[in-house]
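A.B. asks: So the chains spell out like this:
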Amino acid sequence: MITKIVSKNFDIKDSFKIDVALKNGAYSSLDTLFSKKPQELIDTITQSGLRGKGGGGALAGGKWQLASDHKGIKYLVVNADESEPGTFKDRRILSLDPHLLIEGIIATCYAIASHSSYIYVRGEYEEFSDVLQFAIDEAYDRKYLGVDARYRVDIVVHRGAGAYICGEKSALLESLEGNRGHPRLKPHTPSPEFYFSEPTLVNNVETIASVPFIVKNGAESYREYGTEKSPGTLLFAVSGNVNSPGVYEVPFGTGMLEYIEKLGGGVKNGKKLKAVIPGGASTPILPANLIKDVKLDYENLRDIGSALGTGGMIVLDEDASIVKALKNLLRFYHHESCGQCTPCREGTAWSDKILDKFIAKDASRQDLEVLRSVSNSMNGKTICVFAPAASGVIDGFLKHFESEFLECIK
Amino acid sequence: MKLLVNNTSIECAEGDLLIEVLLSNGVNVPHFCYHEDLGCDGNCRMCMVEIKGSKRPQIACDTFVKEGMEVSTISDNISEVKRSILELELLNHPVDCAICDQAGECKLQDYYMDYGLYDSKLSTPKTKKGKHIDLGSSVMLDQERCVLCTRCVRFTSDITKTGELGVIGRGDGARIAVAPNRELSNDYAMNVVELCPVGALTSKDFRFKQRVWFLDSTKSICHGCSRGCNIDIDYNQTKYTAEKVHRFRARRNNKINQSFLCDYGRLSYKELNDTFTLEVSNIEDFKKILNDEKKIALVSPSFSCEQLQGVYDFCKDKKISLFSLKYYDDNFGDEWLKTNDMSSNFASIQNLDISTNKEDFLASIADSNIVINFDHKYLKTKYLQDKRVIQFTSSSCEKNYELVYAIANFAHDSGSIINCDGLRQEFYSTKFTDKNPRLLELLEEFR
Amino acid sequence: MSFSFNEENTLKIKTLIQSYPQKRSLILPLLWLAQKQDSYICDDAMQKISEIVEIPYMHIYSVVTFYTMFRLKRPQKRIIEVCRTLSCELNGSEEIKTYLDSNHSDEYEIIEVECMGACSGAPMCTLDGKYMENITKEELAKVLK
Chain A
8 MITKIVSKNF DIKDSFKIDV ALKNGAYSSL DTLFSKKPQE LIDTITQSGL
58 RGKGGGGALA GGKWQLASDH KGIKYLVVNA DESEPGTFKD RRILSLDPHL
108 LIEGIIATCY AIASHSSYIY VRGEYEEFSD VLQFAIDEAY DRKYLGVDAR
158 YRVDIVVHRG AGAYICGEKS ALLESLEGNR GHPRLKPHTP SPEFYFSEPT
208 LVNNVETIAS VPFIVKNGAE SYREYGTEKS PGTLLFAVSG NVNSPGVYEV
258 PFGTGMLEYI EKLGGGVKNG KKLKAVIPGG ASTPILPANL IKDVKLDYEN
308 LRDIGSALGT GGMIVLDEDA SIVKALKNLL RFYHHESCGQ CTPCREGTAW
358 SDKILDKFIA KDASRQDLEV LRSVSNSMNG KTICVFAPAA SGVIDGFLKH
408 FESEFLECIK
Chain B
42 MKLLVNNTSI ECAEGDLLIE VLLSNGVNVP HFCYHEDLGC DGNCRMCMVE
92 IKGSKRPQIA CDTFVKEGME VSTISDNISE VKRSILELEL LNHPVDCAIC
142 DQAGECKLQD YYMDYGLYDS KLSTPKTKKG KHIDLGSSVM LDQERCVLCT
192 RCVRFTSDIT KTGELGVIGR GDGARIAVAP NRELSNDYAM NVVELCPVGA
242 LTSKDFRFKQ RVWFLDSTKS ICHGCSRGCN IDIDYNQTKY TAEKVHRFRA
292 RRNNKINQSF LCDYGRLSYK ELNDTFTLEV SNIEDFKKIL NDEKKIALVS
342 PSFSCEQLQG VYDFCKDKKI SLFSLKYYDD NFGDEWLKTN DMSSNFASIQ
392 NLDISTNKED FLASIADSNI VINFDHKYLK TKYLQDKRVI QFTSSSCEKN
442 YELVYAIANF AHDSGSIINC DGLRQEFYST KFTDKNPRLL ELLEEFR
Chain C
-13 MSFSFNEENT LKIKTLIQSY PQKRSLILPL LWLAQKQDSY ICDDAMQKIS
37 EIVEIPYMHI YSVVTFYTMF RLKRPQKRII EVCRTLSCEL NGSEEIKTYL
87 DSNHSDEYEI IEVECMGACS GAPMCTLDGK YMENITKEEL AKVLK
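Residue numbers (my numbering), protein chains in the order written: chain A, 8 to 417; chain B, 42 to 488; chain C, -13 to 131.
Hints in this document: simulated from the structure, not taken from any laboratory.
Just so you know, not all the hints are guaranteed correct.
Think about it this way: if two alpha-carbon atoms lie no more than 25 Å apart in a straight line, the pair counts; the simulated SDA-like pairs of lysine to any residue are [unchecked claim]: (1) C:K(-2) to A:G169; (2) B:K311 to B:C346; (3) B:K107 to A:S198; (4) B:K169 to A:S198; (5) B:K357 to B:K311; (6) A:K331 to C:V99; (7) A:K360 to B:K107; (8) C:K34 to B:G210.
Footprint (simulated), chain A over chain B, 3 or more residues, beta carbon under 8 Å [stated by the list, open to error]: (9) 84 to 90; (10) 164 to 171; (11) 201 to 214.
Even for Gly, the Cβ is constructed at its ideal location relative to N, Cα and C.
Here chain A stands alone, though its shape is the one from the complex:
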């Protein structure tokens, strides 16, 4: 079940050191890379069906093409702000195979004609970004990066400082420009992102780390894994009430229950499974009875009313309190809202406060209705998708576990 495309060097000792990495295939895609024209590479990525691995799942090739077509100085910004609860995969790449990421950055920059890349790492990941910086320094030293490289790419590691919303790509660019991380209004026509008004490609760490494999082995070999619409692999993760929480790379289309049982070691202490949040805290919760035949791909999860997100599964056992779990997540949303637009700023706080009444078993029938209507006001009326995600979370919990909330009504 485990497939080692992005995670192939994770278990090798000192894999972050360039000599070890080189022995294990680092930078081996560069010859193929430079033998192709940039547009060919964009076409390869498009054909491979590579989708963004930061939670959005947008086709990478489409974004590359938009950035490449737009006139101006091009920037590549790698989103390493990984703050989605239940997600801890990008950190593995940063500290266990940073050279794979660097190789992917060189390839992506070459494809979109960029010479400058910024890796925005969340502030809390200091120890991992130190390893990343060490690897980057070594890469400069060995002339894979910098003016003396075959294709000049400069990489700057830029640390965030504790804001989940800076993982939203336009908020990330605002933060990179020296501002508060406020997401930007979305354009009305397809358009690349902009860093100081120059066209910019923003991609997740794992997405970029997947590029060397595709460059070296071709689009079709990526398609050998996964499903037709969700090709390739993902560093899925599992945590919560399981025996072996961790990051295990599998192809899309793997069965969720199989993943949880075989790789996650099954529910801890022999308890029964109650619910799974499939892809990080922003995806709607799924009760155990719906999970039996679920496959881990974008389409399947969308069809049953949830989403793949970042693929970070959170497992709740039969004794986990659903009301407490929702409170936990709404507290997270309340804390992380940037505060820019009204529905999110007020809605995330209000819904968090209402949950306090449920926790205290002091709620009224009206509180439940209000919770539903607050969720509705946060959906589709905001600048970014943070509030709609919170809305989806609330709706998911209320849809599948209403009885537990009704028990809290006095």
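Take the given structure of chain A and dock chains B and C to it, following the hints.
C.D. replies: What follows is chains B and C alone, placed relative to chain A:
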């Protein structure tokens, strides 16, 4: 091109902003963060409209018109959206209406009456923030009343470029503030009070003085300098008291001041309340003096065109040497509204060819017995030895002069003035008559 | 208290200025350098940064208050951050927090934080910013004494 708005056809042009088209065609679109002079920010979400073909409601302030666009601002769907956004704006709003100066001109009140009228469903504690914070420059901040439209922040960062205001904190703890130990301090600071759609930023000068629904307004022009910013004079007269001017508000003029005033000009309303209250001199006494030979007059360069013409004719008729002097301050003018020329109608002085040479004036004074001051600041407090000084004053004045006559100020004597760019503008008086006569009426009596 | 960047940081700043197309991108990196140097960000540090990037002071202050990792007050004790988000809560983070509050709050400042990306090591906390995963009360007792 044509748009369909609420089933009515509206004319507009390529590249127009939907909210501007709607507002200028009388379609009520509630909004907080959008402002004609500050642009769109897209954070309040109040201006959402339904556009055919769009899955979700769109904010009108960030939508450009397209041929054949069909917009609804009154459908059930969009009305519910507006109501729910308003509910969220009001959720943590303190119930301060009874003590808030904004009452009567508050967008939250207006929108609640138009789109709200619901019962509060709040059953959890409200978020508390700072109240009555003195920001400096006569501006008071109440963070709880704020809807975080960021107009004030954008004003200080984009327009005055002084950057004193900003948003601190995050989420529902976000609030407007100045940095610790810093102040709001620029020559246009009080504009944020007018920009603020709610009672978060209020004028310390106006605080608790008057309920706005008791105020009358008249269109006027600021006389603080030669820019001629357009204003509304807000005034009223309560029982047993004299008429009082309470404040100036900016009146939109896209050729001159957009919707802004400098603080100096904004607060210059106080001069209008500083009227002459002592006993005026006898008319006959002046007529006698006019028989003397050596007469000189100094006229204020802030008089209206009509007043200046009257003084000019009068002086010609009575053989009085007429002068005027500039109100000039090198340090006052700036790159925006304020001009070094602090008179409001110097252009007319020049048009009438009235002498403004200071040496000539001083020489002429030395040579005269009678000095008539038509409200000019230069002679309002000077004591000239051996001269007989006659004051025509629109403001208070010590009675140490031979003769003093009080005249109506520009709030009670409509006319026109010409600004520094040669634009002639009309200003109008309040609906109350001044107890002091208008200058031209007085001059008539001296004939 | 006047603030200036030490020699090492001043050299770093020169490199940083070359690494970004506009100076304002330096705001976050400079705030980090200031906090690392001084253990917190003082008014003068923000003033200095405002001068280097040529952006008004209020903007710097506004940015600092947005991000939770920046400290405006000098910490009096070493800091322990306990993750409180879902995976950690499902694995006993609340007991860890209670234990720390009852036994170590005199010596350490105990803060709750949101998901740290260490869900497979739940419950977790950080000490001086370093990750400690799969922690137990016993282990904490040993490390924190």
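A.B. asks: Look at each hint and say if it fits the structure.
C.D. replies: Consistency of the hints with the structure:
Between K(-2) of chain C and G169 of chain A, the direct Cα distance comes to roughly 23 Å. Compliance with the 25 Å bound is thereby established for this hinted pair. A hinted pair counts as satisfied when its Cα atoms are at most 25 Å apart, and K311 of chain B with C346 of chain B qualifies at roughly 23 Å. Pair hint K107 of chain B plus S198 of chain A holds up; C-alpha atoms about 19 Å apart against a cutoff of 25 Å. With a CA separation close to 40 Å, the supplied pair K169 of chain B and S198 of chain A exceeds the 25 Å bound.
For the hint pairing K357 of chain B with K311 of chain B, the CA-to-CA distance comes to about 34 Å; that exceeds 25 Å, so the pair is violated. Annotation: proposed proximity of K331 of chain A to V99 of chain C holds, straight-line Cα distance about 17 Å (limit 25 Å). This hinted pair does not check out: K360 of chain A and K107 of chain B have alpha carbons roughly 42 Å apart, beyond 25 Å. Distance hint between K34 of chain C and G210 of chain B is fulfilled; the C-alpha atoms sit about 21 Å from each other, no more than 25 Å.
Only residues whose beta carbon comes within less than 8 Å of a beta carbon in chain A count, and the region 84 to 90 of chain B has 5; three or more means the coverage holds. Residues of the region 164 to 171 of chain B with a Cβ under 8 Å from some Cβ of chain A number 4, which satisfies the need for three, so the listed coverage holds. Proximity of the region 201 to 214 of chain B to chain A, defined as three or more residues with a beta carbon under 8 Å from a beta carbon of that chain, is established by the 6 residues found.
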